[in-house]
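Participant: Hey, can you work out the whole structure from these sequences and the hints?
So the chains spell out like this:
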Amino acid sequence: MTVPVSRIGVDRLDADVAVIDLFGEHDLTTAPEFSQRLDALLGEGLSVVVDLSRSTFIDSSVLAALLAANRDADERGSGFVAAVPADETDGVRRVIEVTGLDQVLTLAPDRAGAIEAVRRGRDG
Amino acid sequence: MSAPAGLELTIPAKAENVAIVRHAVAGLAEALEMGTPNVADLKTAVTEASMNVVVHAYEEGVGPLQVLAYRESDALVVVVRDFGSGIRPRAEDERHSLRLGLPLIAALTDSFAISGGPGRGTEVKIRMSLSSNGAGRGELQEVELPMGRGTEMSMPAGELLAPVLSRVISILAARANFSIDRLSDAVLLGDAISAHAPDDFPEGTARIAVEEDEGSLLVKVGPLLKGAGDRLLDGMRIPQIGGSLERLADEIRAVQEEDGEYILLRISRLPE
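Chains as they are written, first to last, in our numbering: chain A, 1 to 124; chain B, 1001 to 1272.
To be clear, the hints were calculated from the coordinates, so they are not data collected in a lab.
Ideal Cβ placement from N, Cα and C applies to all residues, glycine included.
A portion of the hints provided could be inaccurate.
Claimed, not checked - Here's a subset of chain B near chain A, in silico, CB distances under 7 Å, partners left out:
1. E1016
2. A1107
3. I1171
4. A1174
Claimed, not checked - Per the computed footprint, the stretches of chain A lying under chain B, defined by three or more beta-carbons under 8 Å from a beta-carbon of chain B, are:
5. 23-29
6. 46-60
Facilitator: In structure tokens form, the structure reads like this:
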């Protein structure tokens, strides 16, 4: 039986890119903090990777936060990529696909791929 | 009409409590051998329905969120209910909009129905087949839900008690920031209580109250047969190492209630 935990980690890779890691389960309880952290990083002009590869559950408030941050990044010309396992049976991938957000968000199958994509987007 | 035998959970409608619902229902679904993808979808549907209650049901203060889950042929039915003012979409911070909530429930479940209205509260009834092939569609039936108070749960005292109780204890201990070791102590104690179900429960139903109080978990389980408390403590002894699971708890005692004997367990975050 897995222990249900819920953690948000922020890793500043350099002056241009930061990674927010949503570890474990995230819903309306943690979505406000997630939004605040996203706002702060994007507000500093950073490009952001959201690492969902170790998320075991996300709800619609987390999806809403992702969507809002995506729009914000777009307006600022900053990169915004979410790392989501490509496995279609993965619960997190599933809610993103069922809601059609896979057509709106830029996704990569893992953290390294997302970091590469966000740097490419920034430089390209 | 009384509710069919199943899991009943009543908790304060706060966002951080929705994880309890999610895990109790997932525990029941897994114990009924629901396919993994369906369990994941059910967790989403139940979370969305519960969050609707947290956000919309009560204008002032915190009211009850009530969940009933029961097997019906080869599906699990989950009812999420509040006693508030009725779901009314209100202008709110766009970031936490629930525009996606109801469509998600619709997309991921075999069927769902919403009923209720102003002053009558709202009820969302979800049906999810146990197997992944979508079998088990049928008509949802009306049920009367009994009123509950606080953080309480009741369910048949059979083989499903252990997985559900261990999940609920685990989520509450994690939320109270128990260390991994202490969390697994708490779960072991829960398992010890469930081990002799259904024999120890004269009514065939286990009533469980779990509460977090300043870094301690209080777990009350019953009604038990008279003397079941002593048998439970005997059952915790581990002769091979001369010890007892009893030492993991800070307090275990039997309390008499109107309807029988209950075991009261106190497990603090740090062993005393």
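Participant: Would you mind marking each hint as holding or not holding in the structure?
Facilitator: Hint check:
| no. | hint | in the structure |
| --- | --- | --- |
| 1 | E1016 | holds, 5 Å |
| 2 | A1107 | holds, 5 Å |
| 3 | I1171 | holds, 5 Å |
| 4 | A1174 | holds, 5 Å |
| 5 | 23-29 | holds (count 4) |
| 6 | 46-60 | holds (count 3) |
Going down the numbered hints, you'll see the structure goes against none, and every one checks out.
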